[in-house]
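Start from the sequences and build out the full structure, keeping to the hints where you can.
2 protein chains.
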Amino acid sequence: MADLQNGGSPAMLKPFFDEESTVTYCVGMLMDAGLVFLSDTRTNAGVDQINTFRKMSVFEQPGERILVLLSAGNLAITQAVVSLLHERQAKEGESLLNAPNMFEAVRHVGDCLREVHRRDAASLRAFGIDFNASFLLGGQITGEAPRLFNLYAAGNFVEASIDTPYFQVGESKYGKPILDRIFTWGSPLQEAAQCALISMDSTLKSNLSVGMPLDLMCYPRDSFSGERCLRIGSDDPYFKSLHEAWGARIKQAFAGLPGLNWEQCASL
Amino acid sequence: MADLQNGGSPAMLKPFFDEESTVTYCVGMLMDAGLVFLSDTRTNAGVDQINTFRKMSVFEQPGERILVLLSAGNLAITQAVVSLLHERQAKEGESLLNAPNMFEAVRHVGDCLREVHRRDAASLRAFGIDFNASFLLGGQITGEAPRLFNLYAAGNFVEASIDTPYFQVGESKYGKPILDRIFTWGSPLQEAAQCALISMDSTLKSNLSVGMPLDLMCYPRDSFSGERCLRIGSDDPYFKSLHEAWGARIKQAFAGLPGLNWEQCASL
Numbered sequence: 001m002a003d004l005q006n007g008g009s010p011a012m013l014k015p016f017f018d019e020e021s022t023v024t025y026c027v028g029m030l031m032d033a034g035l036v037f038l039s040d041t042r043t044n045a046g047v048d049q050i051n052t053f054r055k056m057s058v059f060e061q062p063g064e065r066i067l068v069l070l071s072a073g074n075l076a077i078t079q080a081v082v083s084l085l086h087e088r089q090a091k092e093g094e095s096l097l098n099a100p101n102m103f104e105a106v107r108h109v110g111d112c113l114r115e116v117h118r119r120d121a122a123s124l125r126a127f128g129i130d131f132n133a134s135f136l137l138g139g140q141i142t143g144e145a146p147r148l149f150n151l152y153a154a155g156n157f158v159e160a161s162i163d164t165p166y167f168q169v170g171e172s173k174y175g176k177p178i179l180d181r182i183f184t185w186g187s188p189l190q191e192a193a194q195c196a197l198i199s200m201d202s203t204l205k206s207n208l209s210v211g212m213p214l215d216l217m218c219y220p221r222d223s224f225s226g227e228r229c230l231r232i233g234s235d236d237p238y239f240k241s242l243h244e245a246w247g248a249r250i251k252q253a254f255a256g257l258p259g260l261n262w263e264q265c266a267s268l
Numbered sequence: 001m002a003d004l005q006n007g008g009s010p011a012m013l014k015p016f017f018d019e020e021s022t023v024t025y026c027v028g029m030l031m032d033a034g035l036v037f038l039s040d041t042r043t044n045a046g047v048d049q050i051n052t053f054r055k056m057s058v059f060e061q062p063g064e065r066i067l068v069l070l071s072a073g074n075l076a077i078t079q080a081v082v083s084l085l086h087e088r089q090a091k092e093g094e095s096l097l098n099a100p101n102m103f104e105a106v107r108h109v110g111d112c113l114r115e116v117h118r119r120d121a122a123s124l125r126a127f128g129i130d131f132n133a134s135f136l137l138g139g140q141i142t143g144e145a146p147r148l149f150n151l152y153a154a155g156n157f158v159e160a161s162i163d164t165p166y167f168q169v170g171e172s173k174y175g176k177p178i179l180d181r182i183f184t185w186g187s188p189l190q191e192a193a194q195c196a197l198i199s200m201d202s203t204l205k206s207n208l209s210v211g212m213p214l215d216l217m218c219y220p221r222d223s224f225s226g227e228r229c230l231r232i233g234s235d236d237p238y239f240k241s242l243h244e245a246w247g248a249r250i251k252q253a254f255a256g257l258p259g260l261n262w263e264q265c266a267s268l
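Chains as they are written, first to last, in the numbering used here: chain A, 1 to 268; chain B, 1 to 268.
Just so you know, the hints here were simulated from the structure itself, not pulled from any lab data. No experiment lies behind these values; they were computed from the predicted model shown. All C-beta atoms in this analysis are idealised placements derived from N, C-alpha and C, irrespective of residue type, glycine included. You may find that some hints are simply not true.
[Stated by the list, open to error] Lysine to any residue pairs mimicking SDA-like chemistry, simulated, CA-CA at most 20 Å apart: (1) Lys205(B) to Asn132(A); (2) Lys240(B) to Pro258(A); (3) Lys251(A) to Glu244(B); (4) Lys251(A) to Ser187(B); (5) Lys205(A) to Asp180(B); (6) Lys240(B) to Ile162(A); (7) Lys251(A) to Phe254(B); (8) Lys205(A) to Gly259(A); (9) Lys205(B) to Ala253(A); (10) Lys240(A) to Lys240(B); (11) Lys205(B) to Arg181(A); (12) Lys240(B) to Ala253(A).
[What the hints assert, rightly or not] Which chain A residues stay away from chain B? Per the calculated CB distances, all over 10 Å, these: (13) Leu75; (14) Ala121; (15) Ala126.
Okay, structure coming up:
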């Protein structure tokens with residue numbers, strides 16, 4: 001509630017020249033058992049333009065590789081990058097589908113992002129619009145273990161590891177505490193997916209700019225298959241039951257906490 | 001983990017001219033039963049200058065009024081405002097201790113903040129430093145119910161209500177979901193204090209710029225007394241037990257959630 005001064009969201013104060021923005025929530029998780037990806041689909045360009053776009057793109061050669069790309073930021077930029085990835089695949093044969101490894105794949109996404117930057121950044125600047133885009137790219141290519149990268153607007157990137165096994169983009173803070181408490185490199189896939197959904201549920205509850213439906217992908221290591229991929233709508237019975245169970249269980253967890261005892265603590 | 005690009009914190013990249021900053025975490029809660037205030041004490045001016053300052057000031061006439069001021073932002077600004085409040089009280093007799101009501105009291109804080117702005121803002125701007133300060137002022141003056149205000153850097157303010165019963169300043173997002181799930185206007189004081197401590201615990205876990213010890217004030221309505229005021233150190237046995245119990249109970253709550261069933265959900 002610290003941002004009442006700005007009407008809840010900076011975007012809400014700009015009635016004109018509003019670019020569609022995906023300042024929303026995506027999380028990618030890397031673990032021994034595989035990968036989990038979750039994104040919302042909300043975009044907005046001001047208070048009266050709330051739209052739904054897919055932020056998860058899947059590039060798959062069944063049995064050989066799968067790559068999942070999540071995006072956040074200015075929708076025109078992130079869509080241009082995804083279109084360019086498809087166009088280069090069709091025209092030049094350079095593609096996420098034939099990159100020799102994940103490192104080359106994420107470099108390729110960075111190259112496409114830099115091409116969009118060269119084309120669009122100056123024009124955006126003329127309208128006072130930042131070149132705001134970030135991506136998560138994760139997946140597995142035969143011969144490698146699953147890998148996960150966080151790609152910045154400048155086209156450079158960092159890689160997840162056993163010590164830093166997840167990345168978030170967008171409205172990341174609301175949903176970070178539950179990830180920090182529950183998720184580890186050793187988590188089973190299903191538990192990681194539940195943790196991602198709870199993290200999303202906390203974000204949905206505290207921030208209006210993030211919205212249903214959700215796109216969820218669970219990738220079991222060495223399966224080279226994207227079949228565990230779901231779109232979760234607002235009336236999805238599983239997400240509803242998870243939402244309600246978590247709300248109730250948090251209240252229970254809270255109710256059983258040790259009571260505050262004034263006498264035990266030193267006075268100021 | 002979205003800010004690895006910036007080394008975890010923008011402040012960490014600026015080795016010189018770093019102003020001591022209290023971008024940390026404070027929460028103020030208004031409810032039927034009274035008021036709760038919680039602040040951390042961490043300030044920093046770059047990665048190697050981590051200090052502890054009190055961010056909670058109490059102005060009290062026992063039996064007649066109590067006002068609690070929490071601050072976030074540039075420490076030089078917020079300290080100047082608090083010093084000015086004390087100086088005006090000594091010199092001019094205009095004071096939080098004789099304001100006729102909470103509305104006039106928060107206006108008085110706003111006036112002091114604006115005086116600091118007139119004196120310092122241009123000099124700060126010359127060093128590229130924003131005039132960054134915000135305050136929570138809450139309390140009760142005889143003749144009124146308890147009230148709580150969120151004061152912005154411009155000296156204007158909003159008031160908490162039954163619909164918006166809490167304000168946060170500083171690193172607010174990590175600790176917001178638990179407040180949204182647990183705290184209401186009807187919460188008992190002790191429960192609200194526990195909720196504030198859990199909210200702080202989540203923030204401490206996810207953000208290094210927030211740090212112990214904590215200052216906690218619980219104000220029972222119509223008590224006109226600040227005696228329920230604690231400093232909670234990092235080895236405080238109650239906070240330790242709360243931290244451990246919450247960590248364990250969150251894991252329990254999570255472990256009992258309904259399992260993810262791929263078959264029940266529609267395919268993408």
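Item to check | Lys251(A) paired with Ser187(B) [C-alpha distance capped at 20 Å] | outcome: holds, 12 Å
Checklist entry - Would the pair Lys205(B) and Ala253(A) pass a check requiring their Cα atoms to be no farther apart than 20 Å? => result holds, 18 Å
Next on the checklist: Checking one constraint from the list: CA of Lys240(B) to CA of Pro258(A), max 20 Å. Satisfied?
Outcome noted: holds, 10 Å
Item to check | Pair hint Lys205(A) and Gly259(A), alpha-carbon separation not exceeding 20 Å | outcome: Measuring from Cα to Cα gives roughly 27 Å; hence the hint is violated.
Next on the checklist: Lys205(B) and Asn132(A) were given as a pair; does the straight-line alpha-carbon distance stay at or below 20 Å?
Outcome noted: The given pair, whose Cα atoms are some 28 Å apart, is violated under the 20 Å limit.
Item to check | 20 Å Cα cutoff - pair Lys205(B), Arg181(A) | outcome: Holds. Lys205(B) to Arg181(A) sits at ~9 Å (cutoff 20 Å).
Next on the checklist: Need the status of pair Lys240(B), Ile162(A): alpha-carbon distance at most 20 Å?
Outcome noted: violated, 28 Å
Next on the checklist: Checking a non-interface call: every C-beta of chain B should be farther than 10 Å from the C-beta of Ala121(A). Is that right?
Outcome noted: Nearest chain B Cβ is 17 Å from Ala121(A), so the label holds.
Checklist entry - Going straight from one Cα to the other, do Lys240(A) and Lys240(B) come out at no more than 20 Å? => result violated, 34 Å
Checklist entry - Since Leu75(A) was said not to touch the interface, does its Cβ keep a gap of more than 10 Å from each Cβ of chain B? => result Nearest chain B Cβ is 18 Å from Leu75(A), so the label holds.
Checklist entry - For Ala126(A), which was marked as not at the interface, is the minimum beta-carbon distance to chain B over 10 Å? => result holds, 24 Å
Checklist entry - Has the given pair, Lys251(A) with Phe254(B), been kept, meaning a C-alpha gap of at most 20 Å? => result holds, 12 Å
Hint compliance for this structure: hints 1, 6, 8, 10 are broken, all remaining hints hold.
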